[in-house]
Amino acid sequence: MATTRKKTTGKSKSPAGGVTADRELCLKMFRTMALQRAVEDRMVTMYRQGEMLGSVYTGHWHEAIAVGTAAAIRQGDFLCPLHRDVGAHLWRGMPPWQIMASFLGKATGPTGGRDGTLHYGRPDLNIYNPCSHVPDNVPVATGGAFAFKYRGEDGLALCYFGDGATGNGGYHEAMNIAAVMSLPCIFICENNQFAYSTPLRLTTHADFYKKAAGYGMPGVKVDGTDAVAVYEATAEAARRARAGEGPTLIECVTMRMHGHAEHDPASYVPREMLAEWAKRDPVELFAARLQKLGHATEAEIAAIRENVRQEALAARKKALGDPMPVATNIEEGVYAD
Amino acid sequence: MATTRKKTTGKSKSPAGGVTADRELCLKMFRTMALQRAVEDRMVTMYRQGEMLGSVYTGHWHEAIAVGTAAAIRQGDFLCPLHRDVGAHLWRGMPPWQIMASFLGKATGPTGGRDGTLHYGRPDLNIYNPCSHVPDNVPVATGGAFAFKYRGEDGLALCYFGDGATGNGGYHEAMNIAAVMSLPCIFICENNQFAYSTPLRLTTHADFYKKAAGYGMPGVKVDGTDAVAVYEATAEAARRARAGEGPTLIECVTMRMHGHAEHDPASYVPREMLAEWAKRDPVELFAARLQKLGHATEAEIAAIRENVRQEALAARKKALGDPMPVATNIEEGVYAD
Amino acid sequence: MPTNKEQVAEEVTYLDAISQALAAEMERDESVFLMGEDVGQFGGAFKISKGFMERFGARRVVDTPIAENGFTGMAAGAAICGLRPVVEFQFADFISQAFDPIINVMARHHYRTGVPVPVTLRCPFGGRLRAGPTHSQSIESYFAHVPGLKIVAPATVEDAAGLLISSIRDNNPVLFLESKYLYRRLKVPAPLSLEPTPLGVAKVAREGTDVTLVSYSVGVQQGLEAAEVLAREGISVEVIDCRTLVPLDIDTIVKSVKKTSRAVVLHEAARRLGYGAEIASEIGEACFWFLDAPVTRIAALNTPIPTSPPLEDAVLPQTEEVIETLRKVARS
Amino acid sequence: MPTNKEQVAEEVTYLDAISQALAAEMERDESVFLMGEDVGQFGGAFKISKGFMERFGARRVVDTPIAENGFTGMAAGAAICGLRPVVEFQFADFISQAFDPIINVMARHHYRTGVPVPVTLRCPFGGRLRAGPTHSQSIESYFAHVPGLKIVAPATVEDAAGLLISSIRDNNPVLFLESKYLYRRLKVPAPLSLEPTPLGVAKVAREGTDVTLVSYSVGVQQGLEAAEVLAREGISVEVIDCRTLVPLDIDTIVKSVKKTSRAVVLHEAARRLGYGAEIASEIGEACFWFLDAPVTRIAALNTPIPTSPPLEDAVLPQTEEVIETLRKVARS
Ligand SMILES: Cc1ncc(C[n+]2csc(CCOP(=O)(O)OP(=O)(O)O)c2C)c(N)n1
Ligand SMILES: Cc1ncc(C[n+]2csc(CCOP(=O)(O)OP(=O)(O)O)c2C)c(N)n1
Ligand SMILES: [Mg+2]
Ligand SMILES: [Mg+2]
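Residue numbers (my numbering), protein chains in the order written: chain G, 1 to 337; chain W, 1 to 337; chain S, 1 to 332; chain D, 1 to 332.
Calculated from the structure, these hints are not laboratory results.
Heads up, some of the hints might be wrong.
[Unchecked claim] Simulated crosslink set (DSSO-like; lysine-lysine; CA at most 27 Å straight-line):
{"id": "1", "chain 1": "W", "residue 1": "210", "chain 2": "G", "residue 2": "210"}
{"id": "2", "chain 1": "D", "residue 1": "255", "chain 2": "D", "residue 2": "187"}
{"id": "3", "chain 1": "W", "residue 1": "28", "chain 2": "W", "residue 2": "210"}
{"id": "4", "chain 1": "W", "residue 1": "210", "chain 2": "G", "residue 2": "221"}
[Stated by the list, open to error] Which stretches of chain D does chain G cover? Using the computed rule of at least three CB atoms under 8 Å from a CB of chain G, they are:
{"id": "5", "segment": "125-137"}
{"id": "6", "segment": "296-303"}
[Stated by the list, open to error] Anything over 10 Å on all C-beta distances counts as not near chain S; from chain D, calculated:
{"id": "7", "residue": "202"}
{"id": "8", "residue": "251"}
{"id": "9", "residue": "259"}
Where a beta carbon is used, it is the ideal one built from N, C-alpha and C, also for glycine.
For reference, chain G alone in the conformation it holds in the complex:
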């Protein structure tokens, strides 16, 4: 099967010598991570200023996961993100202002204001728009993976879900189906230590990556603050998927550094835990790595930071200026023609 598969669009990303050998790739990844941070910091400010429709969910300390995974697959692959994965949207080409527009309910948001806040996607970028229910994006991803296999194409689906979502039946059914049908699907568990207020001990009594064994699929655990580690694990899972070897579960360990969303002060999170994790900022870690690798000077890093900060500022300006939707044809589109 694998040998007869049609190629999907987008170039394969498995640089010889690993991702660190590819300066251009590394810099693009870094820029996207820094952009996620800048955009989300800006959105937090917007929330505090009362500009947003509802609460704001951030992916602080998830940047290496969002970007490391998205960078390791192809544009034609089916990406099924959740609320921590702004970096994956950005990598695919979603403009920051449009994410903000979603949180503002603007006509220019990806759904034109029909859905909003964290529920957005871009069909043209092969980004699924998830609904609120976690982890309903996971069975959907297996369906996308099924479609690639059905058509004999070498595309894959990649989905994200939190530690909390693993307690849910949809996750289980999809993992099992993907294993049994040997679907080209990559399951990214973003273990950020909390599900809303719920700590891991009330979520599971087993490590997440070990759950893969119960489905007969490989499960790996990576440092979710290390973009390179995430990239490499994803690239290997993608290789397996495209070769017809079936799904992989990757547990990416990180920390949710803000509340569940900005309305949540997260007083249930031990302060020492935050202090400990504060030392492992994935954006900082990657910046340091790039300098050590000689891919960028401190000045170049600083320039990128300033550049994304400006982009986030401009995004806010555009998003705020964009029009609200008008309630004409409000009943159109409930059904497709």
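With chain G held as given, fit chains W, S and D with the ligands onto it using these hints.
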């Protein structure tokens, strides 16, 4: 917690020297297994004669599982059976004629004909009456286990489900909850190689007992045709449960020797597979064991067999003679007072 | 299954019609495939896909684990990615486990994104087979409130084929309600036309002047029987077969009621918020000035559906009750 | 949460009422406990159980994994074994994942076995908070068709407490619909009576003579506002608050409609097979000879509920529309 728990009714069943040291217990187990076989054989005949309302589900080769588990727990424990577990009902005290009455839609069936065929239970015997949907009895069992723990009692819940049912989200959510809450619950997976027509390779890519690790609970695998092995595994799981050590998954491996139900000729089952398993009849195996242990002579075994055959015949007679329900007060009982 | 052998069979059942229509669509469109429990080698619990495995292979006749939630979400994903899944629920009752992906993923996706989700959800539904509370349910009311789903319920052999074809070709999630009771009871002479019957168009199954009976699925057959009996008494019943519940062809219904001035709505589902409530409300609002009698609903009692024959018969509407109600309304 | 501090607070909100009633029932009956996501230390997404952990401990304030299906089935099992679980869904929308155990385990169990299943399912529901298609749903129509469930939807602070108390004491599974919109918008002077309000008894929220408005939850508040405006125009609106949807107190509704001869039914749920269809059908059948105008439904459009304010406002019924419709019906 465990030490302060109130005792539930029913005597504990952990004979010193193991189950085989207890002749009375062994003989009662054997008789119940033989009775299950006799009753189900009779029901198959009744089906063929067109006496039944619908199809008939048998637990051939499941007798050691149904009886071995039920015998190893207490009458006061919450038992949540499915369609292969007639022996567990019998062990608890359900009369054979009443099971037949369920399949006949009689007024004397456990639900008075409101539900019927394989959906029966007896609240007074602490037997849950499951609905069709598999494995909806599994979350219910965790709820029963929760109730015991909540009240500080040392009771437990035990539920059964097939290999096929493990692909279902309800199973997963309940297993995880039971592990996280450390509930006194025993999960019995009856791996009989098929889920309706679906073979194991389309159900799972991992051994069932290994799935327990994904929940952080012990998983054990036993020969489901060996009543002693099933008993001992259950007794140990019960000990853990009562001691507050949490749930256990027990995979009991056996074979479904009939079709999914009697309407199903099961032509999808390889004949060699049936021939191989035919050699491992749990009732025969236990009969031989009893003789080897000196607990019963061949004649005594034969007498039991004849006795249960007569009981099954008498059960049919009573069930057939019982009245059909009358449709008065048909709207009563939709709501409890 | 439309093997050559059966193409020359003398009769086609409601079940054959579904099987033939499904096979024809799979022949016609490579993106159509069937998935569900035991649909492969086994041919499905009701044998709709008997022979499909040999004909289309395991790629297009997909046996799933017992995971209604997961495989329905998967069908949504496959549809979003361009395929046209046909999902078989072994019994309609099991769709309860897939309620979430149907209402939250499938039904709302096009509205939110503009991406169609063409999935056909095949549900063998209804009672009268002594199958009890969790194998006999009428499921239309669980879903009819949800914007974005279509609901189709054929009452005849021809419509079983024609409406299934349209459902599969439709670009929306469609709940296709197959009457288990009619599967082998309804027959027409072979061969069967495999032309699509448009969704959203009701049918006047029998013309009449005194009272309009609005129904769907097995109720239409009951209504036709009742009309036949009443015709002998000089009462002329017009029977409307909704065929599609969502969208509902209210115009055809209203036209009939304006003519007869009397309306009875019949279904096998429980009365409270059965789909009859929607139909009756619409008639009441649109035909108020034309009505000579209250719009009357005939439905199952508000109880679970019991297993035992005397109980099930007492709970579900019987033809005798349909006759009596129509007579009473016609003469009021 | 009814700590001593708040007992002496000057005002009690709809949210406080629920919190106080729940705490009172937990005090009163050891078998009552609360379970759901983040209900423990965190006090729940809407802070209904703030302080409960300190007061009742982790044994009775149970944080669950994100497993609506599993923990709902678990609640059923706990109830069957003698406890009285109160289940909090973080948003009513998530109950879609628990549809199966609610309709197939909870709702049918007593009918099949005679064993009661006393579970209260607390559902923060409804729109107007810009929360979009999967955080704003009205869920009553998903369940109202199912025999064996009760459905309660308080419209006032007093009823939020009184009906919750009755729901918890009821021996059946009860869907308790809490209006997120009213949570902090409705207030009454403290202290609040914590007496049970019986289920199945509607209330004449405002007496009138020209037209009857039947509603529940937030619609009652809209109706009262509209009635006030119309009173100034000389139109007298009688507002009926159903309070309980299942069982429905149809007698109170019928009595009012027989008096006014005109009926409008209002809810925030989508129109098609909204619960208004059941109410309108019942009125149409019971009051046919008394009606001077068609029974008219006001409801949301048949679309998902959009997020953006201009869109959500266009989809959900606004008070202006209620006023206009009542005026039109009253004058017709
Ligand atoms: C079925 C369902 N129940 C509840 C929620 C509410 N909810 C949204 S996110 C969340 C916590 C998710 O935790 P986790 O999966 O760990 O993801 P994280 O937010 O930590 O990234 C909850 C409970 C939901 N979205 N879906
Ligand atoms: C949710 C659900 N889907 C489908 C069915 C139909 N069904 C009944 S039993 C069965 C097979 C069960 O297989 P398994 O769990 O292995 O149990 P076994 O019958 O082999 O003991 C199926 C598909 C069901 N009861 N519930
Ligand atoms: Mg998390
Ligand atoms: Mg099996």
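Status of each hint after checking the structure:
{"no.": "1", "hint": "210/W <-> 210/G", "in the structure": "11 Å, holds"}
{"no.": "2", "hint": "255/D <-> 187/D", "in the structure": "30 Å, violated"}
{"no.": "3", "hint": "28/W <-> 210/W", "in the structure": "32 Å, violated"}
{"no.": "4", "hint": "210/W <-> 221/G", "in the structure": "19 Å, holds"}
{"no.": "5", "hint": "125-137", "in the structure": "holds (count 7)"}
{"no.": "6", "hint": "296-303", "in the structure": "holds (count 3)"}
{"no.": "7", "hint": "202", "in the structure": "16 Å, holds"}
{"no.": "8", "hint": "251", "in the structure": "16 Å, holds"}
{"no.": "9", "hint": "259", "in the structure": "18 Å, holds"}
Checked against the numbered hints given earlier, this structure breaks hints 2 and 3; the rest are met.
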